[in-house]
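> Here the protein sequences line up with chains A and B, keeping their order.
Every number in this note's numbering is 144 more than the matching position in the first sequence, counting from 1.
Every number in this note's numbering is 154 more than the matching position in the second sequence, counting from 1.
Some hints could be false.
Claimed, not checked - Calculated cross-link-like contacts (lysine to any residue; reagent style SDA-like; alpha-carbon spacing at most 20 angstroms):
hint, chain 1, residue 1, chain 2, residue 2
1, B, Lys278, B, Pro214
2, B, Lys161, B, Leu359
3, B, Lys383, B, Val425
4, B, Lys161, A, Thr402
5, B, Lys161, A, Lys204
6, B, Lys161, A, Leu272
7, B, Lys278, B, His353
8, B, Lys373, B, His353
9, B, Lys278, B, Ile205
10, A, Lys212, A, Asp431
11, B, Lys383, B, Pro418
12, B, Lys224, B, Ile205
13, A, Lys204, A, Ala191
14, A, Lys204, A, Glu224
15, B, Lys224, B, Pro214
16, B, Lys278, A, Asp427
17, A, Lys212, A, Ser357
18, A, Lys212, A, Glu224
19, B, Lys161, B, Gly457
20, B, Lys161, A, Asp434
21, A, Lys327, A, Asn302
22, B, Lys161, A, His343
23, A, Lys327, A, Pro298
24, B, Lys278, A, Val409
25, A, Lys172, A, Asp434
26, A, Lys212, B, Lys278
27, B, Lys224, B, Lys278
28, B, Lys161, B, Ser364
29, B, Lys278, A, Glu224
30, B, Lys278, A, Ser357
To be verified - The following residues of chain A were derived to be distant from chain B, with all beta-carbon distances above 12 angstroms:
hint, residue
31, Pro195
32, Tyr207
33, Trp219
34, Ala271
35, Arg275
36, Leu281
37, Ala325
38, Val342
39, Leu355
40, Leu379
Hint data in this document are derived by calculation from the structure and do not stem from the laboratory.
Using N, Cα and C, we set each Cβ at its ideal position, and we do this for glycine too.
Spelled out from the first residue to the last, the chains are:
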Amino acid sequence: MSMQASSPPASTPLTLESPGARAWRRLKARPSALVALGVIVLLIAMAVFAPLIAPYDPIKQNYLLVRKAPSWLHWMGTDEVGRDLLARVIWGARASLSAGVISVGIALLIGVPLGLIAGYRGGWTDALISRFTDAMLACPFLILAIALAAFLGPSLGNAMIAIGITATPIFVRLTRGQTLAIKTEDYIEAARAVGNPVHRIALRHILPNVLPSLLVQATLTVATAIIAEASLSFLGLGQQPPLPSWGSMLNAAQRFLTNAPWMAVWPGLAIFVSVICFNLLGDGLRDALDPRSK
Amino acid sequence: MFTLISKRLIQLLPTVFFVSVIIFSLQHLLPGDPAMIMAGEDNDPAVIAQIRAQYHLDQPIPVQYLFWIKGVLSGNLGESMRLKVAVSELVTTKLPVTLQLAVMAMIIALVIGVGLGILSAVYKGRALDSLVNVLGLIGISTPNFWLGIMLIFLFSVELGWLPASGYVSPFEDFWQSMRTTIMPAFVLGNAIAGVLMRHTRGAMLQALSSDYVRTARAKGLLERVVVIKHAMRNALTPVITLGALEFGTLLSGAVLTEQIFTIPGFGKLIVDAVFNRDYAVVQGVVLVTASTYILLNLLADIGYILVNPRLRD
């Protein structure tokens, strides 16, 4: 085998592709992830522009329209107090998506610094943070979220905090593991040798290398958080009535399955579509950001 | 091997300690004075003072923790404020119901997840593989409470085949018990089946491309024998271990599933306790689920050491 380096053909310019551009090129090659990204953008737009696109007021009751089947006037039908289901599904996207994103934001905000500290400092600090993380992971996710939400009090904000705290250990563990692997690299040694302070090494040299894994995990955790928020709202521990949320809509629908099954179909479908899209995008990002994939 | 198991046991001690600290801390998240919350509408200062003394709330927090952990270690998880029954008694009554559901769910998850995972790996890149992958993704992404409601609509409301709610113990009437638990067990097993399917597929693909499978094929063995006797046996060990770890997911899922199907198990116990502000019960349920998870984790580790000769040395 020849060890000689072959030069590129004269006609092909030698260009260096940035990691972001490479990831985007790889992601574009995965149609399922692209479709999922498109649907997520649509869902976000639906949540942001809910006041403009919702055909009716989501909380206005009309006792002349109680439990009406889907029709041209009410595409998804109406609920037990005559509210338009399409309007409630559109407004419900706000609660679900914001809960998904904000709770993951809370988990990142607490988990990443703790993981960086544990991985970089090692010793007792690492042992303490890691054992605490193990303890939190030992408590089943939803049960801990329910317990926290119950103790904090029922509201959407507290549900987000509960889900965020419960999701934190995943990010601590991930960041710690990556930091452990990265801190032994030569460029970190070099950064240390030239006298960079610890926080600069952590933020400027280690964190950017942990970001791809965090992005994948955060996308997948948004899916888990959306289900968790819907579960807490279903139990009455999340969004409080009359404000709409997909989980609380399903709770109400359960009582009217015999004569208004459509009430259960749409909010459930909305949760399912959002969750499957975040899962598909997470899987796609994992492949796109994996240095081993071409 | 004994040293390895002892090491794992010692490593678990700090985890168990932190779990107890987390669960003990839950009651301190309550806004306001816990004694006044426990007293409920009864705001007689004498009653509040008695509660404060009974639960050692007048002591510093580390002392309160010591009293609490001493009680827990002697099997005293406190008393339900609403039912006036020991939490340990409630747990021992409700846990078998959830365990029955969990075992049935795990059987369903293993049959569907492992079966489809093997098929997907054997037919890699073909239409069946794609179909199984889509099914796995749907399984993982379907909220189990929605699936439960849809199954009730189909099998109870529309077809009238199965009861929509209720529970019958298998010791009373086995078939009726199966009729009341098959839908919730399927709902619970569904999400885990998706996870197991993905892991089985991965493990089988790795096993099918290994040297010993190539050797078995070169010896002229039937493909069925190669898959079942050689690849599957090795691929399934980590999958079964993962199955044990997924038990925590089952307990989480049971909370909503039992609520939908009105099954008087562990999940319904915690939800009822949350709404009745019965905090000792909430703490007790979290403690038992976390302990069960830690124990299963340990058993999975030991099982892994036992079946993997390289780890025994």
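> Each hint needs a verdict: does it hold in this structure or not?
Hint check results:
Between B/Lys278 and B/Pro214, the direct Cα distance comes to roughly 62 angstroms. Violation of the 20 angstroms bound is thereby established for this hinted pair. Of the supplied pair hints, the one linking B/Lys161 and B/Leu359 is violated, its CA atoms being roughly 33 angstroms apart against a limit of 20 angstroms. Note on B/Lys383 and B/Val425: the hinted pairing is violated, with a Cα-Cα distance of about 46 angstroms set against a maximum of 20 angstroms. The suggested pairing of B/Lys161 with A/Thr402 is violated, with an alpha-carbon distance near 56 angstroms, which exceeds 20 angstroms.
Of the supplied pair hints, the one linking B/Lys161 and A/Lys204 is violated, its CA atoms being roughly 62 angstroms apart against a limit of 20 angstroms. The suggested pairing of B/Lys161 with A/Leu272 holds, with an alpha-carbon distance near 18 angstroms, which does not exceed 20 angstroms. With a C-alpha separation of about 14 angstroms, the suggested pairing of B/Lys278 with B/His353 holds against the 20 angstroms cut-off. A distance of roughly 28 angstroms separates the Cα atoms of B/Lys373 and B/His353; the hinted pair therefore is violated under the 20 angstroms criterion.
Among the hinted pairs, B/Lys278 with B/Ile205 is inconsistent with the structure: their alpha-carbon atoms are about 64 angstroms apart, more than 20 angstroms. About 45 angstroms separates the Cα atoms of A/Lys212 and A/Asp431, which puts this hinted pair outside 20 angstroms; it is violated. Between the alpha carbons of B/Lys383 and B/Pro418 the distance comes to roughly 42 angstroms, so the proposed pair goes past 20 angstroms and is violated. For the hint linking B/Lys224 to B/Ile205, the alpha-carbon distance of about 18 angstroms falls within 20 angstroms, and the restraint holds.
Between A/Lys204 and A/Ala191 the CA atoms are separated by roughly 19 angstroms; this keeps the pair inside 20 angstroms, and the hint holds. Straight-line distance between C-alpha atoms of A/Lys204 and A/Glu224 comes to about 12 angstroms, which keeps the hinted pair within the 20 angstroms bound. Between B/Lys224 and B/Pro214 the CA atoms are separated by roughly 16 angstroms; this keeps the pair inside 20 angstroms, and the hint holds. Restraint check for B/Lys278 and A/Asp427: the C-alpha separation of about 18 angstroms stays at or below 20 angstroms, so the hint holds.
Distance check on the hinted pair: A/Lys212 and A/Ser357 sit about 47 angstroms apart at the alpha-carbon level, beyond 20 angstroms; violated. Simply put, A/Lys212 and A/Glu224 have alpha-carbon atoms about 9 angstroms apart, close enough for the 20 angstroms limit, and the pair holds. Between B/Lys161 and B/Gly457 the CA atoms are separated by roughly 15 angstroms; this keeps the pair inside 20 angstroms, and the hint holds. A distance of roughly 35 angstroms separates the Cα atoms of B/Lys161 and A/Asp434; the hinted pair therefore is violated under the 20 angstroms criterion.
For the proposed pair A/Lys327 and A/Asn302, the alpha carbon gap of about 36 angstroms is over 20 angstroms, so the pair is violated. Note on B/Lys161 and A/His343: the hinted pairing is violated, with a Cα-Cα distance of about 34 angstroms set against a maximum of 20 angstroms. Distance restraint check for A/Lys327 and A/Pro298: the Cα-Cα separation of roughly 42 angstroms exceeds the 20 angstroms cut-off, and the hinted pair is therefore not satisfied. Taking the CA atoms of B/Lys278 and A/Val409, the gap is near 34 angstroms; set against the 20 angstroms cutoff, the hint is violated.
About 14 angstroms separates the Cα atoms of A/Lys172 and A/Asp434, which keeps this hinted pair within 20 angstroms; it holds. For the hint linking A/Lys212 to B/Lys278, the alpha-carbon distance of about 47 angstroms lies beyond 20 angstroms, and the restraint is violated. Of the supplied pair hints, the one linking B/Lys224 and B/Lys278 is violated, its CA atoms being roughly 55 angstroms apart against a limit of 20 angstroms. Taking the CA atoms of B/Lys161 and B/Ser364, the gap is about 32 angstroms. The hint is violated against a cut of 20 angstroms.
Using a Cα cut-off of 20 angstroms, the hinted pair B/Lys278 and A/Glu224 is violated, with the two alpha carbons roughly 48 angstroms apart. For the proposed pair B/Lys278 and A/Ser357, the alpha carbon gap of about 27 angstroms is over 20 angstroms, so the pair is violated. Chain B leaves A/Pro195 outside its interface by the beta-carbon criterion, the shortest separation being 27 angstroms against a cut-off of 12 angstroms. No beta-carbon of chain B is positioned within 12 angstroms of the beta-carbon of A/Tyr207; the least distance is around 25 angstroms.
Every CB of chain B lies more than 12 angstroms from the CB of A/Trp219, the least distance being 20 angstroms, so the non-interface label holds. With a least beta-carbon separation of about 8 angstroms from chain B, A/Ala271 fails to lie farther than 12 angstroms from that chain, contradicting its non-interface assignment. With a least CB separation of 4 angstroms from chain B, A/Arg275 falls inside the 12 angstroms interface cut-off, contrary to its annotation. Distance check on A/Leu281: its Cβ comes as close as 9 angstroms (rounded) to a Cβ of chain B, failing to clear the 12 angstroms threshold; non-interface status is violated.
The Cβ of A/Ala325 lies farther than 12 angstroms from every Cβ of chain B, with a closest approach of about 21 angstroms, so its non-interface assignment holds. Listed as a non-interface residue, A/Val342 keeps its Cβ farther than 12 angstroms from every Cβ of chain B; the least gap is roughly 26 angstroms. With a least CB separation of 25 angstroms from chain B, A/Leu355 remains clear of the 12 angstroms interface cut-off, as annotated. With a closest Cβ-Cβ approach of about 6 angstroms to chain B, A/Leu379 is found to fall inside the 12 angstroms limit, against its non-interface label.
Hint compliance for this structure: hints 1, 2, 3, 4, 5, 8, 9, 10, 11, 17, 20, 21, 22, 23, 24, 26, 27, 28, 29, 30, 34, 35, 36, 40 are broken, all remaining hints hold.
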